[in-house]
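Use these hints to put chain B onto chain A, whose structure you have.
Each chain, letter by letter, is given below.
Protein chains: 2
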Amino acid sequence: MMNKFKRLLIGRPMKSAEIEGEKLTKLKALAVLSSDALSSVAYGTEQILIVLMAAGFAAVWYSIPISIAVLGLLLILILSYRQTIFAYPTGGGAYIVAKTNLGEPVGLLAGGSLLVDYILTVAVSSSAGTDAITSAIPSLHDHRVLIALIMIVFLTVMNLRGVTESASVLAIPVYLFVIAIFVLILSGIIKFATGGVHAAAPALGTTVSNVSLFLLLKAFSSGCSALTGVEAVSNAIPNFKQPSERNAATTLIMMGTILGAMFIGISLLAYWYGIAPNPKETVVSQIANATFGRGTIYYIIQGITALILFLAANTAYSAFPLLAFMLAKDKFMPRMFMVRGDRLGFSNGIINLGVLSALLVILFQGNTENLIPMYALGVFIPFTLSQLGMMVRWVKLKPPGWRVKFIINTIGMLTTLTIALIFVFTKFTHIWMVFIFLPIVIYIFYQTQRHYHNTAEQLRIDVIRDKPIIKGNTIVVPIAGITQVVKQSIGYAKSVTDNVVAVYVGFNDEEIERMEKKWEEWDPGVRLIVLRSSYRSVLRPLMKFINTVEWKTSATDHITVLIPQFITKHWWQHILHNQTSLVLRAYLFNQKNVVISTFPFHLNK
Amino acid sequence: MMNKFKRLLIGRPMKSAEIEGEKLTKLKALAVLSSDALSSVAYGTEQILIVLMAAGFAAVWYSIPISIAVLGLLLILILSYRQTIFAYPTGGGAYIVAKTNLGEPVGLLAGGSLLVDYILTVAVSSSAGTDAITSAIPSLHDHRVLIALIMIVFLTVMNLRGVTESASVLAIPVYLFVIAIFVLILSGIIKFATGGVHAAAPALGTTVSNVSLFLLLKAFSSGCSALTGVEAVSNAIPNFKQPSERNAATTLIMMGTILGAMFIGISLLAYWYGIAPNPKETVVSQIANATFGRGTIYYIIQGITALILFLAANTAYSAFPLLAFMLAKDKFMPRMFMVRGDRLGFSNGIINLGVLSALLVILFQGNTENLIPMYALGVFIPFTLSQLGMMVRWVKLKPPGWRVKFIINTIGMLTTLTIALIFVFTKFTHIWMVFIFLPIVIYIFYQTQRHYHNTAEQLRIDVIRDKPIIKGNTIVVPIAGITQVVKQSIGYAKSVTDNVVAVYVGFNDEEIERMEKKWEEWDPGVRLIVLRSSYRSVLRPLMKFINTVEWKTSATDHITVLIPQFITKHWWQHILHNQTSLVLRAYLFNQKNVVISTFPFHLNK
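For the record, the sequence lines run as chains A and B.
Start counting the first sequence at 29; every next residue gets the next number (the working numbering).
Start counting the second sequence at 29; every next residue gets the next number (the working numbering).
Hints in this document: simulated from the structure, not taken from any laboratory.
Among these hints, one or two may not hold up.
As the list makes no split between identical chains, a pair holds if one copy fits it or if it spans any two.
To be verified - Calculated pairs, SDA-like style, for lysine to any residue (alpha carbon to alpha carbon, straight line, at most 20 Å): (1) 499 / 326; (2) 499 / 526; (3) 499 / 435; (4) 522 / 585.
Just chain A, with the same shape it has in the complex (with noise of 0.2 Å):
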């Protein structure tokens, strides 16, 4: 039943060698990989302004040079960025940038983040997306939290299906929001050039008294929350068709140049409108509603940023997988993320990354504000990290025109760094919790890895000295009665060794006598131990005995406890048995170091 259910939701078990053909060609990646960097442009703007509008209405027209400045940072990441894929061809993320060139701490407090990061990404993503949907259709409001869960179950759902199925069914919406901006822009260009716009926006280069450095450095690291994502490509790269880093390094450039043309033409036209952001429409709805009115097109294009808000979520359904295999593949996450699931996708990575992001959204209530700063932080430590990691790279390897390539990360390094601080110093309340969270990340894979290194240890064998040892066999048996499946058990038993020994535990004396008096009659050969106990308990005194047989022959025998049970036809008939077996395996498991052997009867009716 369980297991039909589960073919119906993400298909048909493939085999190992069907893994080439689930590689992504560029155009899918593009779709796959760059919905979140992409779907920046529906608020990326707007950031940038909500800060200008402190400093009053006039302070808007800093948006255009600050947007360039975004802009410029944006090629210095990408150009980075192309960097590494050629270097770490094998997917170099920030972790992996980060732990070969600065060492393994700072590669972990990179990986760290990059996984908190991806998890803020798709609760942030889902949550933006919702209130897209709210904001055009009011109804909906008191069910946002419902609604970016159910985003969330669909996305998981899509990718332990398998990643070219979802990247078939994703590609659609990401062109077409490519295409509706683009759209959006070109006849909001039109409009303005023909004179259709009456706004007034304040001349470039007006002086304003109050715009402080500090307040424009804010003004920029809000609108550079916005490139979030950047990384998920050069973090992907083994999932690109060959030849992968060249196909990865194509899909980079054509998703920067998008991203680029959008916001900035995004930007623009908010100047010529001359938009104010308005906590209850959003800046691109402004456009899309000054350019066209509040039609069929305006809809559209909501509903299609609603779409890719939720897409860019996705994206981190591809990056933390990966990720975490990398991480559990140096041992510092559990081995189980190393594993393919029926659909060849890292499944536990797909359903860890679901669960803790509908934890988010539930915790915070769908509520994107106290969030976002945490994730834009969460975002510029690895950024900064993998640009000093290739700082650090360049002035070793040197390769050919090494200088440049330095020069690059360096200013790339120094920016993203910047922004960072600008984000403590400016939002300390909302971000506290990272650095709390962050140690105990890193201490827990610590931990992991010492565990995982402790087991081996213990577990290694010298192949030429290490030899199985043989010896004698004690096996116990608890029994509760005399019957069918018991006196199979004991034939086992029986089969294996002559030391056995039937248990039984009484609560009165009528019960032993009478037991005593059965066991006599049936005689099966076996010595039977009664055993009194005045807690109802049968557990402790048969655990005391155990003890006790343990203490005496385990240095000539080996301990057997055998335990009869009858299995029941159907499963929830087990509840009309008291589950003492269970139990008691259980605890022997944790406690002792005997031999557990289950000795199953089925019932046939």
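Below, chain B alone, put in the same frame as chain A:
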């Protein structure tokens, strides 16, 4: 950790011999068993008045004769159950009486009704108690479900601690309630007698044109919905101190006297004061208000009334586990209901009652109106069956004076049957669920009994002919590599038999070749079988192999699958390892007829 929490919550475990100390004295029994019945004065009169008001305020004088009729029925029920106590000194609830005299199916109908009814008692009483609180403190109205659930959890924990302790805690408020109501009645009578009340009630005997017999019967039956809980005493006789029958009978009469006096007192005051039912203020609250004004005494009375309603739920906590025990003894319910917990209470019954009633409260959002009709019907079905059973008993046994006893039970039976039928005809929309639910419960009873019967038959042994049979042994050891735990497992297997085969599942040629080579090098004296898996599943090829072994050797050999497993030092480390062996064990356990042995290897760091 879990264990410590349990100790804190429910106290130290108690010896079976301590059970006598848990028996109830009469005064404690009155507190534990009568709160359900006594609390009914909080709403009994009101139920009558609500129905009568349908014919206008002039009709409220009928409440006096109707209350007297309810009192008469109470007398009949008390006399009847007193007869039952002496006839069935080991506990004669409706289940026992109906089963013994009317046959098993009727007994199960009574038992099923009562079980459902006890759950409804807890749900209705805790909801009604919450209503009383939120009527007094309207700001708590939004947290009604939460308050009711907290009370259910509290009662569950108290009852898990043991009967006597909870009796000591709960006796005080029950007696406070009795005192409070008598103070109210006496003060009210004095005030009325000294002319302090000016309300004009319609005179007794006033002719009201639209009062039909049907209306009067409906009012009577509504008033009777307050007679629940009378059977609790006769069901709980084994809980009384010796001489238990005498003590139970005395307790029953004490309870009936107090209940009758309070009920008629409240009805008289309501009539004298000319009180009309009001959905926003209970009748008791109106009387208290008219007598004392909204001062300290008023709030004390309201508070104690709320408390007694919560305690009414406690009655079910004594009755439900005992009835479940009796049904389990007859194999109609799972055996687990016969097990006494650490504190000697029937923990499983207590926990199940708590969970099911909490579910009802959540499902009905603490809305008492929709629960009460089912609740009342669920009581009057077993009332009727119990008295029918007693009638049959008197005719059969004909003890001295049986005619009087027969007449008492006949009158009772006819009255309760009539009330049950009135419920069915006047409130069918509220109670139809009972007619679906009860047959299902009875079906489950029979299925459970059949399963126990079948199991016993399949497990039964002939001690003369059925002796243990000795066979050979074949051991299969699935391995994932060559480690210390595999070395020890192989050593164990070789100590048992020479027919040992190790099985390895590989995913690709490289892996398989490496394994085969290392095995040859190690040379443990055991054959290695290598299986190849295309679907990354270890289980499927392994199961296939075990099938083959079973098919070949099960005639001559016991087949054992020995699973090497290392056990981590800390529980959380479990998640760091793939739990293939646990899944394999579960699979084998449910599907195959092989002995499953686990060889544990405890990691010590």
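So, going through the hints one by one against the coordinates:
1. Taking the closest pair of Cα atoms, residue 499 and residue 326 never come within 20 Å of each other, the shortest separation being 81 Å inside a single copy and 81 Å across copies.
2. When the C-alpha separation of residue 499 and residue 526 is checked against a cutoff of 20 Å, the pair qualifies both within a copy, at 14 Å, and between copies, at 13 Å.
3. In this assembly of identical chains, the alpha carbons of residue 499 and residue 435 never lie at most 20 Å apart, being 70 Å within a copy and 79 Å across copies at closest.
4. Taking the shortest Cα distances, residue 522 and residue 585 sit within 20 Å of each other both inside one copy (15 Å) and across copies (13 Å).
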